[in-house]
Every structure is written in C-alpha cells, then in structure tokens.
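Based on these hints, arrange chains R, E and Y on the given structure of chain U.
Next come the chains, spelled out residue by residue.
Protein chains: 4
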Amino acid sequence: MQLKFRGIYPYLVTPIRSDGSVNEQVLSALVEHLIQSGVHGLTALGSTGEFAYLNRSQRRTVVQTVARAAHGRVPVIAGVCHAATSEAACQAREYEALGAAGVLAIMDTYFPVDDSQVIAYFKGIAQSVSCPVVLYTNPNFSRVDLSVGALEKLCELPNILYLKDASGRTGRLLSIMNRLGNRISIFSASADVPLFVMMMGGVGWMAGPACLIPRQSVRLYELAVQRKWDEAMALQRVLWEVNRVFKRYNLAACIKAGLKLQGFDVGDPVAPLSPLQAEAFEEIRTVLEHVENAAER
Amino acid sequence: MQLKFRGIYPYLVTPIRSDGSVNEQVLSALVEHLIQSGVHGLTALGSTGEFAYLNRSQRRTVVQTVARAAHGRVPVIAGVCHAATSEAACQAREYEALGAAGVLAIMDTYFPVDDSQVIAYFKGIAQSVSCPVVLYTNPNFSRVDLSVGALEKLCELPNILYLKDASGRTGRLLSIMNRLGNRISIFSASADVPLFVMMMGGVGWMAGPACLIPRQSVRLYELAVQRKWDEAMALQRVLWEVNRVFKRYNLAACIKAGLKLQGFDVGDPVAPLSPLQAEAFEEIRTVLEHVENAAER
Amino acid sequence: MQLKFRGIYPYLVTPIRSDGSVNEQVLSALVEHLIQSGVHGLTALGSTGEFAYLNRSQRRTVVQTVARAAHGRVPVIAGVCHAATSEAACQAREYEALGAAGVLAIMDTYFPVDDSQVIAYFKGIAQSVSCPVVLYTNPNFSRVDLSVGALEKLCELPNILYLKDASGRTGRLLSIMNRLGNRISIFSASADVPLFVMMMGGVGWMAGPACLIPRQSVRLYELAVQRKWDEAMALQRVLWEVNRVFKRYNLAACIKAGLKLQGFDVGDPVAPLSPLQAEAFEEIRTVLEHVENAAER
Amino acid sequence: MQLKFRGIYPYLVTPIRSDGSVNEQVLSALVEHLIQSGVHGLTALGSTGEFAYLNRSQRRTVVQTVARAAHGRVPVIAGVCHAATSEAACQAREYEALGAAGVLAIMDTYFPVDDSQVIAYFKGIAQSVSCPVVLYTNPNFSRVDLSVGALEKLCELPNILYLKDASGRTGRLLSIMNRLGNRISIFSASADVPLFVMMMGGVGWMAGPACLIPRQSVRLYELAVQRKWDEAMALQRVLWEVNRVFKRYNLAACIKAGLKLQGFDVGDPVAPLSPLQAEAFEEIRTVLEHVENAAER
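Protein sequences, first through last, are from chains U, R, E and Y.
Counting from 1, position 12 in the first sequence corresponds to residue 9 in the numbering used here; the numbering is continuous, with no gaps.
Counting from 1, position 134 in the second sequence corresponds to residue 131 in the numbering used here; the numbering is continuous, with no gaps.
Counting from 1, position 119 in the third sequence corresponds to residue 116 in the numbering used here; the numbering is continuous, with no gaps.
Counting from 1, position 202 in the fourth sequence corresponds to residue 199 in the numbering used here; the numbering is continuous, with no gaps.
Note that these hints are calculated values from the structure, not bench results.
Don't take each hint at face value.
In this list, chains with the same sequence are indistinguishable; a pair is considered to hold if it fits within one copy or across any two.
[Claimed, not checked] Simulated pairs of lysine to aspartate or glutamate, EDC-like, Cα-Cα distance not exceeding 20 Å:
1) Lys120 / Asp16
2) Lys244 / Asp112
3) Lys244 / Asp111
4) Lys244 / Glu276
5) Lys244 / Glu286
Excised from the complex, chain U in its bound form:
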C-alpha cells in the first residue's frame, strides 16, 4: 500500500481486430509510447477502453497485455464493473492477479440503488483485493451516483484511497475536498477542467485524451505541481479545445480516430458503436495539430 498514484494516467483504448480479437501488439506499442512520453501510470478498461462492450476473455487479455508491456515501470490500474457485487469482486481479484497495481471500481445497475447498496458494492470490491481502489463515478453516463455521505463511509476502508469524479461539478469536488481531503485523493476526469481540480488539491488526471496528447498532459501536471497557475491556465485553454471537439462525438471513437492519425492501428470501436466519419476525422486532425503547435511555443 506504500504505492502512490499521482499524475497523468491515460485511459487506454482497446485495439480490436476485425475478427473481434484484442490486438495485443498494438496495445503493447501504445503502452510503450505513452511510458516514453512520460505518463505516470496507465488505466485499462475505463470508459474509453470500451469496457462495457467487451466480454470477459477480452477484458482479461487487455489487463494482462498492459501489465506485461508496462513491466512495472508505471502502475497499471484496471477497470472493474458489474451490477452484482460478487461478479465485480471476482473481476477485481482476477485483474490484481494479472498484475494490476490498482482497480478502478465502477458500478452498474439496472434498478435504482440507495446509498447502502452503493456502499455494499464498492466495499465488496475493496475487500476482495489488497491493492488500492479508485472509486469512479460518472452521473452523466452511469445510473449510479456516489453521495458525499456514501463516500465518507467508503473512505474508512484502508484501501479505498482515490476518487475519480466525472460529475463535472467543481462545487461538488470542493465539498468533497473540504470534508474528506485528507482521506481520499482526487483525480480529475476528462469532462472536468483538470487544472482546477489540481488547484483544489487534486493529485492528477485520468483521461482518454491523454492517450493522444501525453506530453502536453504531463506538462500541465508539472506546471500545477510547480504552482505556475497562469502558465498552466494558458495551456489548459489550449488543451480544452481537444475536449470540446471530443464532446460532439463518442469519446472512444474519437481517441481511436486520433490514435490512427498518430499511426496506431487500433481498429474501430466495437459494434454497434461506429467509427467517425471523414469530417470528424479532419476536425480531430486539426485540433491535434493546433494543440501540438501551441505546446511547442
């Protein structure tokens, strides 16, 4: 538990061949490229990784491939998600055994759940592993929200140490910081503006776009660590343009399109998700060039 997660953790896409198999070569190459670009860790099977569209065997292959390619140089965090506690706990144990240094715990549900059920679910995952757990909540895409009260209870578990809150509400994060800031470390989500989260006391940024702009993301983090807020703000304004473009389309499709432009043969999103049209590809090419140039200055 001495391990500390800090900095830029790109959400990896899942490269898939047309026959549905995970492309381990491309995934390994992407991991190598990102580590060379200075990222502080890697997150597999997040939303950008299309976890919801993969079956059990594909998921296992992803975690194993990323852990092997990272080879201990940076921590690998693996996403875990189900509606049933036992299934999620089973995934968590499996991924820890495959080399994950932490799990990102996501909750799915069909029926509405209350705080006690949310707590039971995340507790079940945390107690099934010995590695640190990152709680994830995204009220925009998922049916579950994590109340501040539930979060307070969950912080009592020794290995629930991180939160990735994708609510996009800075006020909510400030409330959590003021109340639980010494008990849980917060990662910004892509939907947010990571600079503000770090300014409030956050410890880093876990996001899909960092797959495409790893150096600039690392630079933003370093400026925040050095408390050079004006410089960081200027960079943040430039980087936001990437997010603005991505918000119009499916995020996984955007990151896959951008990586193709960068030479990684990651394949298409899993059907029925569809690849981007030519026009969107061009928009992504343009914004990536814009960000590239801006960061050089």
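Same frame as chain U, but now just chains R, E and Y:
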C-alpha cells in the same frame, strides 16, 4: 415462424441460493405452478429476472431450466442483453439452442447511441436466430430509446414480430399502432395499464406481477379478448393496486417477496440489491390478499 | 356549488392583433362557433391560450370577452397562474367577478417547492373565490408536480372539485381514481388519451385540439357516456393523429394555424413564439381533413 | 456605453413587510451597507430578489429604491424577465428610466423554444434600451438554455456585453471564453466557483451570498485581480462552505435568514415560499461565523 405469442407471459424471477447458484428446483416448481394457473407463456431473464446481476453461466442455467420445465407446453422467451452486438447475438443463439421459442432483445450501452446504432444492434440479434424476436424498450431504466422511425426499419426483418414498450406512454403506443399495427404485435409492460394496451389492439401482457397473480392476469386477458371492457376495467382497477405498491420498491425484490409469501423459496435479490424490510413484506401480503378477494367476487 | 363541469371544454386560443391587442370580435366568434358545435364549456387562459405570454390587462380582456360571449349558456373556466399565492388569488377573484364559473389553478415557481408549499398555494386560490377550482398539473411543462398526498389534502377544501392532470401517465391517474375518485372529478388533458381517462371514471376532456375538432370531441364524449367502448376506441385512434401532428410543434401555434384554416383570424402566437411554417400548415390541413372524413363515416 | 461592470455585484433580496409592501427603508439600508463594504455594483430583481414572486408595482419600487440609495456611487443592474418579448422590453425601458445602469435579461417560457426564438427575445430587450445588457442563463432553474451558437449571434448587438452563466459547468465557460472571450465579459454565478471563472478571464461575481459576505467576496476578487491564486484558492475553499449550506435550502430564504442575523429586517420570503426553520438558521449562523473568523486570519 407459425408460432404466435399471445396472452399473459409472466417475467420469471431468478431463484438464487445463498451460495450464488441458481435454484433449479424452485424455478421448475414456479414454472409448473404458472402453467397450471393458465399463463400463455413464460419470459426468463427479463428485468424482474435480475438479468443484469447474473453471470453468463447463471443465465444459461436459467434458460435451460425453464425450457425443460415448460417442456413445450407454453413458449419460453429468453432475455438477451449486452452493449455489444456480437455478444448479444451470441447469447441469442445460445438461448435458442437451449430451447427458447423467442428472444426478448434488450439493448444496453455506455455511450449515447443514435438510431442507426440501435437498428444495427437489434438487427444483429434478429439475424443470428431463426425464432421470433420481441423488441424491448424501457426509457425509464435503460439508456436506449427506440424511436418510431427505428422501429419502422426494424419491422422489415422477418422475425422481428413483437414489441414490449415500457415507456408507460399510451400516446406513443397509439402512434405505433396507427403506423405499424399490422407489422408488429405489442405486449403491454407492467408499468403500463395493460387493459388499455389490449383495447388499442395489443396482444398481451408481459410482466413481473403476473408471477404472483397469474389467474387474475389471465382473467383480465380473457375479458379483453371477449371485449367485456367494463368488467375488465373493474378488474384492472383492482390489479393496479399491486403495481402501485411495487412501484415504491425494487420490482425484483417485490416479486421475490410475494413468491416467498406464496411458498416459493426464491431467495433474496442478488447483492447489492437488498431484500425488502418487514413493513414492505406486510404491504405486499395485504395487497395480494386484497386482490385475491376482489378476484373471487 | 351545484354546478357540475362535465364533457368537452376546449382550451381557447387568445386571438391577438399585430398591435398586441386582444381581438375580441374573433374571440367572440370562436366562442359562438364552439357553443354551436355542442361543447359543454370553455376554458380561457390555459396553456393553449398562451397565458404565460400575456400581461394582466390582456388576460382580463380575454376572460371578460369569453364570459360575455358565452352569456351563461355554458360554464367558462379561467386560468390563474403565478408564483406568488397572493397574486394568483388576486387573479382568481378578478376572473370570478368578470363572470368565470370556475378557475383553473396553475402553479408557477422559480425555486423548487415542497408539498406544503404546493398545498399553501392552491389553498390560497381556493379560499379567495366561491366558485369551483380545477387543479392543473403538467409536470412536462411546469416546474411543479402535485403529489397524490398533496392532492388528498387539497380535496378537503369544499370548492376544490376537479383535477386536470397532464402527466400523461395513466397509472398515476388510476392511483388517484382508486384513492380519491369519490372526492375529485378528473378531466383528461390533450397529452393523454381521453378515452382511457373517461373509461377509468373521468368526467371529460379539456384540451386545445377541441377548438378545431369540437363535434368529433363531443362525439367521443358521448360514446364514452354510452359506454360504447369499441366505437369510442375507433374514433380515438383517428383523433390521436391530430395530437400526433401537434406534438411536433408548439401547441398554441398549431391550434392558431388550424383555426386560421377554418376561417378564424386569430393572428400569430405571441413573440418570441413563432407562427408555423408552410409545411406544418399543410400537415395540419391534411390531418384535419382526414379526421373530418373519418368522423363522417 | 463607456461604463464597465467589474467585480462583486451582490444580488439583493427584496425586503417585504407582512402586508406585502416593499420595505424601502430596509432595502436602502442594505444598499448603503453593501456600498460601504466595498462592493462594485448591485443587482436588483435577480433570482435571490424573488423577482418571480413580485408583481409589477413591487418590482418598480425595488428598482427605484435601489437606484436612489446607490445614488450613482456604483452601477445598479435590474433583472428583467417575462415569456413575451414585448413585456420584457417594456420592463427594461421602465427600469432604465428609473435609473438602472444595466439590465440583467432572463427568459421565461412555457412552451419549448429554439435558438431563433431565444435570440429574438434577448434581441428585443437589448434593442429597447441604451444601457448594457447582461444575459443570464440558468439551465437548472429555468426552461431556457442559451446555446453557444445563440450567444455568438447575440454578441453582435452593440449593448449585449456581459454573460452570467449559472450552468455550473466550467467546460462550457471555457468554450465560450475561447470562442467569444473578446466580445463578451463573463460574470460568475453563485452556483459556480467564482475563482475559477476569474482565472479563466471572467470579470467578477454576481451572487446572492455576496449580500452576506461582501468584504470577503471583494477580497476574493482583489486576490484574483492581483493573480495571487494560491491565496485566492485558500479563501475560496472557506467561502464555498457558505454555498454548500445554502444549496440545501431555498437560496432567497437563506440570504434573508442571514441578513436577519446581521440585523436587517428583510422579512420572510414571499408565500408560498416559506422562511427557514430554526435548525437551518443555526446552520447559517455557524457558517457565517466560520467564514468571518477565517477571513480575519
């Protein structure tokens, strides 16, 4: 394809033992009881069946058990659900091979999907089986809605023959009836008021509560078939009280509670879903007695 | 209080000249036409009447004009709406003095309100007049919902006698009927399917479309009173097409467009609301002809 | 148009006597107190001012009283809101004549409106006055949202110079800044975290809580102007606690309660809004003391 689904199709719960295994004996006994009570078919792995909380092997056991117990006396429809087309199609083929006479196709997703993606998903399922497909849409619980336009396209497939629309909006159903009534048959959902759906031209009722009140549900259907609308309305008013109680709690937990009261050892809902409290149990006991007495009159 | 509201109550549009003044001649002619067509009452200043877009003096003119033109032949109900209780109560008193036989009480709010505040508002209106009050709730357009609990409390007032529920949820109406059916009479709203409301025990239909299809609406009501449900259902299916078209556009703009087609110079919706485009006009012309022909058969 | 709005603009409450009349003495005293505390301007008839609950004559009295008491020392901005363009424009002209240096334009509607209607409404207001216009949008409380496209069109008018966006989404603000930052100045709303808005390039903070903590709010603004971000962040964290408490209750009721604690006899919120309970009063007393002490340090 000569098979016609008509009438009352209870959504079966999934009896689970405390060790997590499917209780095949109890499930078979429930199937027997419902067939003896006159239901016209059975639906396994619907929302009441907690499909989202089961793993692949549990789901397979459920379909196999129900098909064996029904033994061809009534059609068995099996719920199929995933975010990826290929996985859902794979489930559909598997369940058809296990004896399902039809599949209830449900779509999950993490990212927002448009009409063309919704169409691709359901088409993928329909083309993977030779049995009839019941489209299911529940905009209240799921992240996907089926537009009337998408529905029109899907009706062109030879084995997409039924719709179960749980939107609860009679206006929407009337629009569908007026436009596609001769191409697709509509089942009412529990959230609706089934009498009105049948009055509009619907062919039956697929719902969790029919597990608990099979005879009364069958009676309602018969009155509708005989066009005895005033009598049917009087019965509907009584039956609605069951739904009214169930709406306050988790539906699967309610049906499991009611079945326990009727002597079926169906176990608790799958964690983190929780069983009902004593007070809710009493409320269910009361409303079931009320309905029992009313139907006797 | 011996007066009983029953049957078809068209929601009158508010004819406005290009200088912003209420066109009293056209409004009077419309009232005359509707009474000749057999409607059982008239509702002024409902949503179709664009009450939210009128000032105090325009509203007063509308109520006075309708009351004078109706001349006691049918009851006139006037819409009352504000966020503050005192202002709404003041409107109610004013409209009763101008000849309204009842008030339709609508609640607006800026801040979220709880049940006790909702009750206080409607109670304040009811206690300020001696005529009957129709409670109105439309959770789709307004920020206020009327819970069944609040409704039960409000029914205790001697002149709160009617409910117009535009939630469009038949289940909610059945719950209200089962619990309060002997204390409050329910009118269907246009968003609903009025036949079902009447079948459940409702007393009529208050709706904008009845301005355009008064005879057919009266016919539907009569079939319901005679409990000729199959015939009523066939007519309802035809009439629904009108609603289906109207749902695509602004309702007030649709009714104004339809009335223009019928020769009433009602002017345009109040800016910034905009009149319908030519294509929508044609769609309305077509559906009105379709309904006209169908009803002749 | 040489006038520039910058800094802290408290949203004034509307002190009301038990007979419903505006308490001009208390309102004048509050204005004096806030100007003495260093605020840069005043906003009357905002949401905290309960504009939706006042009638025309009360609103006029409020604007006149505030303008007289401010006596040109700081700009007074008056809130304007209706569903009809002509009524809103009429209010705007009236308030400018009464001494308002700017108007805060809010749009209400009953029917859904599209971009062209939103543009027409705000344009109508802007063209009716010669003073600057602050556009206001709060998608959480109001039925209207202002798209970035509509905003871009509106910026072309010479006197639409400011935006108060209460969406609470920093990403949306950054998009607006990146696209329209040189054409429109942005004020933070209370629901937001004003420091971040100022860091992005915003020009100030318009909010109800500034009525209660004017000195601390001014201090936050000054730290932002001096680009002392770490100090500003520390103060922001303390001030956020006030917002956190207020979010649990009705905002106008909270500010009125706090002002009573500070000795201003502002009366209760307008019925059916209700005053806070004793417990909430204590919570507000505690958080205000906490903020007072923290700011002294």
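**Request:** Quick one: which hint numbers does this structure break? Sort them smallest to largest.
**Result:** Hints that this structure does not satisfy do not exist here, as all of them hold.
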